[in-house]
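Chains R, L, D and Z are the protein sequences, given in the same order.
For the first sequence, this note's numbering begins at 95 and goes up steadily by one.
For the second sequence, this note's numbering begins at 95 and goes up steadily by one.
For the third sequence, this note's numbering begins at 95 and goes up steadily by one.
For the fourth sequence, this note's numbering begins at 95 and goes up steadily by one.
Incorrect hints may have been included.
Because identical chains share one entry, a pair is satisfied inside a single copy or across any pair of copies.
[To be verified] No more than 30 angstroms apart at the CA atoms, straight line, and that leaves these computed lysine-lysine pairs for DSS-like:
| hint | residue 1 | residue 2 |
| --- | --- | --- |
| 1 | K382 | K241 |
| 2 | K256 | K162 |
| 3 | K159 | K100 |
| 4 | K117 | K100 |
| 5 | K341 | K159 |
| 6 | K390 | K341 |
| 7 | K117 | K382 |
| 8 | K117 | K256 |
| 9 | K241 | K155 |
| 10 | K117 | K241 |
| 11 | K117 | K159 |
| 12 | K241 | K344 |
| 13 | K389 | K344 |
Hint data in this document are derived by calculation from the structure and do not stem from the laboratory.
Protein chains: 4
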Amino acid sequence: MNNRNKLYLSGIIPPLVTPLLGKNEIDLAGLRNLIEHVIAGGVHGIFILGTTGEGPSLSTKVKQKAVKCACDAVNSRIPVLVGISDTSFQESIDLAVYAADCGADAVVLAPPYYFPSGQPELIEYLRHIAPRLPLPLILYNMPLMTKVDIAVETLCRAAEIKNVIGLKDSSGNMIRFHEYLTAMQNNTEFSLLMGPEELLAEAVMFGASGGIAGGANIWPELYVSLFDAAAVGDVVNVRLLQEKVFKLRKIYACGRFASSGIKGIKSALAILNICSDFMAEPFHAFHKPEREQVKKILSEINLIS
Amino acid sequence: MNNRNKLYLSGIIPPLVTPLLGKNEIDLAGLRNLIEHVIAGGVHGIFILGTTGEGPSLSTKVKQKAVKCACDAVNSRIPVLVGISDTSFQESIDLAVYAADCGADAVVLAPPYYFPSGQPELIEYLRHIAPRLPLPLILYNMPLMTKVDIAVETLCRAAEIKNVIGLKDSSGNMIRFHEYLTAMQNNTEFSLLMGPEELLAEAVMFGASGGIAGGANIWPELYVSLFDAAAVGDVVNVRLLQEKVFKLRKIYACGRFASSGIKGIKSALAILNICSDFMAEPFHAFHKPEREQVKKILSEINLIS
Amino acid sequence: MNNRNKLYLSGIIPPLVTPLLGKNEIDLAGLRNLIEHVIAGGVHGIFILGTTGEGPSLSTKVKQKAVKCACDAVNSRIPVLVGISDTSFQESIDLAVYAADCGADAVVLAPPYYFPSGQPELIEYLRHIAPRLPLPLILYNMPLMTKVDIAVETLCRAAEIKNVIGLKDSSGNMIRFHEYLTAMQNNTEFSLLMGPEELLAEAVMFGASGGIAGGANIWPELYVSLFDAAAVGDVVNVRLLQEKVFKLRKIYACGRFASSGIKGIKSALAILNICSDFMAEPFHAFHKPEREQVKKILSEINLIS
Amino acid sequence: MNNRNKLYLSGIIPPLVTPLLGKNEIDLAGLRNLIEHVIAGGVHGIFILGTTGEGPSLSTKVKQKAVKCACDAVNSRIPVLVGISDTSFQESIDLAVYAADCGADAVVLAPPYYFPSGQPELIEYLRHIAPRLPLPLILYNMPLMTKVDIAVETLCRAAEIKNVIGLKDSSGNMIRFHEYLTAMQNNTEFSLLMGPEELLAEAVMFGASGGIAGGANIWPELYVSLFDAAAVGDVVNVRLLQEKVFKLRKIYACGRFASSGIKGIKSALAILNICSDFMAEPFHAFHKPEREQVKKILSEINLIS
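Just chain R, same shape as in the assembly:
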């Protein structure tokens, strides 16, 4: 069992989709393809079973298969982060133990997402669960899904827990991200990771250690280059690269509803022959009209001809 408490995460860590063949059946070949695709693109880690990975929609068995497959496929080339968010305390722990056994490097945990907790309840929960996890822990702020927004004060207290090593912020609230950065500026071992790729560059320019950019499933090199430019404060290149990001992200708006982003990524990956676009319930793959839009966008950014 991996029981390191420390790990500094930086760079681009794509939140991988979970390729599926059916409602309860993983596409293992597709997952391996995807991993090779992003490693070839220069990413600095992978994050599986997050929101983009449809983690909460998968059965325990499918989650375990994804963890095992990803750890084996990566084979220690880059860190593997495993999403263990669950409404059940015990199920989160069980998956973390399994992930450690498979050789994963860290776990990522959002607040339990059925009942919204108050901030004192949340910090108590974190103090209870963290010591039971055999891996370093990255907090995951995702208020749109969890209905709980991690307060700056809560982050400060959580950062004092031994194996809490970072925070991924997917709130899209850039003002508060600056507050996180300010609060953590003297804690150089703590990783602050930006969720939304639209804010990756500025987050990094102001001190974030990296980003969990969904678009890096599709075009990992672009996000790695953007990270590199931002890390050295090269504003001119940042703006050029970010223009491409804003072209690519039109893929996420091809459907209606909150699910459109994940459907768009899976659709693009299927078009690129990387993996299946099958979606876990309650969602279903794009139909032809949306798929044609995705194709058009991929063509505009020269990922297909």
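Fit chains L, D and Z to the supplied structure of chain R, relying on the hints for placement.
Structure of chains L, D and Z alone, referenced to chain R:
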């Protein structure tokens, strides 16, 4: 396996709390006590593993134990409804199959509560999952937790699915409940059940078949009497009884945060020596000051001396 | 100047639309027609310049003309309530003084609706403004527009202010309306008035003194009958009459957007030849397709043949 | 009358508070002091009667006095922008005409803030009002107050209206601000101005023409320097200066409620002997404890000793 498709639910069906002895350990004796307590109070069914039952916070094992224990203890005296809401399609089905095997009478299902679905996605999901469930299905509208509000049109379409027999509405939106009632008024086999006990009486006066009143864990007779008075349009008695409901529900406001209601019920049940007040993570039982407030309220409504 | 501090309001008090001929021109003949129409229908008062009256959209001059015209036309047959909600303290007072001079009976005031106030700020504001108003004051809870929800505790404190005589609640939150009723149950001089007509009957059955039903612009008799049935607890008749209310209110859903309700009422009144359907900016009258829908609904409820 | 249709705004344009001596009495000397203070600090324009200026809380008379005083005091040294947001179409126009007569350079207009409009309603409203305004028009996106969020598509259409010359975005939604930037990137005459000062630097680095920073009331030089550093992509200096911004903005959090920001600025200005801290209703100046906190923060950033 119970494969009836039809069941008409009416009256008071308390959403039972799940008594616990520890983070992952059920209080079986407490659950049996609670069941006898509510049956003695005249309730017309029980609903386990719902929101009040902390269903989403429990591990699969604890859920199974709760289902088995409840079915055995009830022993067919009244219908047993089992909450199977989950973010994973497969886990919901697996629990429904287990519940049917134990002899439960129906399952209750809220929309998957991590990713919010659009209404067309929701209806597609329901059409996929319903035929895989071996029991009659009651829909559960709980937008505060699921971020999805079941539209009137969606209810109409869902009611056409073979084994969908009812809806529990916990939105607290009384205007829309009237719309549900209007939409279903010619479907006399369909059960519309009111969640919030504050709206039980008027819901029943306008045609609801019953209510899933949390307070009936504590004082089942009160809610049964209120239902009876409302069912015959006895407005005078309804108002007298409802005054008591509004006194009892002060218990739910002893704590802060959304969890205060369940903590209050468990605290009251512990004071009444019915079961433990241990809470599943991420929550924790009331401390002494809140518990003293609960005692005071129980005393004011003459449930303790 | 009318300086009574007390007035008990009960029954149906329609929130009159403000008939207009142009962007900044009132339809005085239409307003007089409308007033005769609702008085003939048996209403117990009128409320002008509220939300349905597009009060906030009108210039000071148009508001003054509406007040003068309404007071003259009513000629003391029934109480006239004047909406004075404004973001400016002084403008609210000035309109109240004008209304008193014209012979109005009471003013209706929502919290200032640009900056949302905290509850302590709100109570302080009410304590400052109430003594400057020459008429009895009805509070107006309209959180959808004002972003401030009047707490039960705030209502209790406000009710202690000398000339505060009632509350109109347009929140649609029936649970909290029961809390208002409970809090005010020993204050028999205080009027609690329900805004949404869908909740009028149950509000009255549980102790509200009346309702500000928008549909009473169109069909005042229906709402007066519904009030009468509810006031005596005649549940059977309440349900029959309420069915008609739910048919009429389809008129409010003919358009998209929050403005659809007012547009629907004005459209219906124009079809009934009572007044113009011109809307104040930023809104504009229904176009033909929506107007045809309104006609169809009016025909279904036999208001036109 | 100034009837230029074009004006390119860039740099720091503080949203001035409106100094008051009483509920309906402006502090003209204080306003003149404040204007000299910010001009001495190098700002590129001023914006009066906005949110920070408590515009909606002031009577028409006080607004007119503020406009006259500001135009006279500035005396064409820098552009004067006047907030004309109102729920009444006519009142907005009347104030714009008055502002033009006084020599103001542009008007700033948020959507009418009582009834929320749909996007098509909003664009229709803008097409109606813009030609009636005698000055260039800057749109003002302030969804927290107006409940309407200006969509990218709406901005594109509005930018085609002759005298619409810019947008101030106070939503705090940085992702959407990037979308605005992308949509307007070929319209080099259009000014995109960032509201929240926390996002000023990155907005400018990515192409915004300036910012309406509230803190520039207090310390104009800081924001001017930050703008200058951002405009040339000097990330190192941006970060140093932004640290100071984040220290200053603690002033806004000394109180509770949404009003805390404006109270904080007025309190700081009173401590700096620039103007009175009297607040328009429904708000009231900080009491001693909050004022002491403001002093402490001013001292920490060396604005007082």
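Going through the hints against the structure:
no.: 1; hint: K382 - K241; result: between (33 angstroms within a copy, 28 angstroms between copies)
no.: 2; hint: K256 - K162; result: within (26 angstroms within a copy, 39 angstroms between copies)
no.: 3; hint: K159 - K100; result: within (26 angstroms within a copy, 38 angstroms between copies)
no.: 4; hint: K117 - K100; result: between (37 angstroms within a copy, 28 angstroms between copies)
no.: 5; hint: K341 - K159; result: neither (34 angstroms within a copy, 48 angstroms between copies)
no.: 6; hint: K390 - K341; result: within (11 angstroms within a copy, 47 angstroms between copies)
no.: 7; hint: K117 - K382; result: within (20 angstroms within a copy, 47 angstroms between copies)
no.: 8; hint: K117 - K256; result: between (38 angstroms within a copy, 22 angstroms between copies)
no.: 9; hint: K241 - K155; result: both (27 angstroms within a copy, 27 angstroms between copies)
no.: 10; hint: K117 - K241; result: both (27 angstroms within a copy, 23 angstroms between copies)
no.: 11; hint: K117 - K159; result: both (14 angstroms within a copy, 27 angstroms between copies)
no.: 12; hint: K241 - K344; result: both (26 angstroms within a copy, 25 angstroms between copies)
no.: 13; hint: K389 - K344; result: within (11 angstroms within a copy, 42 angstroms between copies)
The structure does not agree with numbered hint 5 stated previously, though it agrees with all others.
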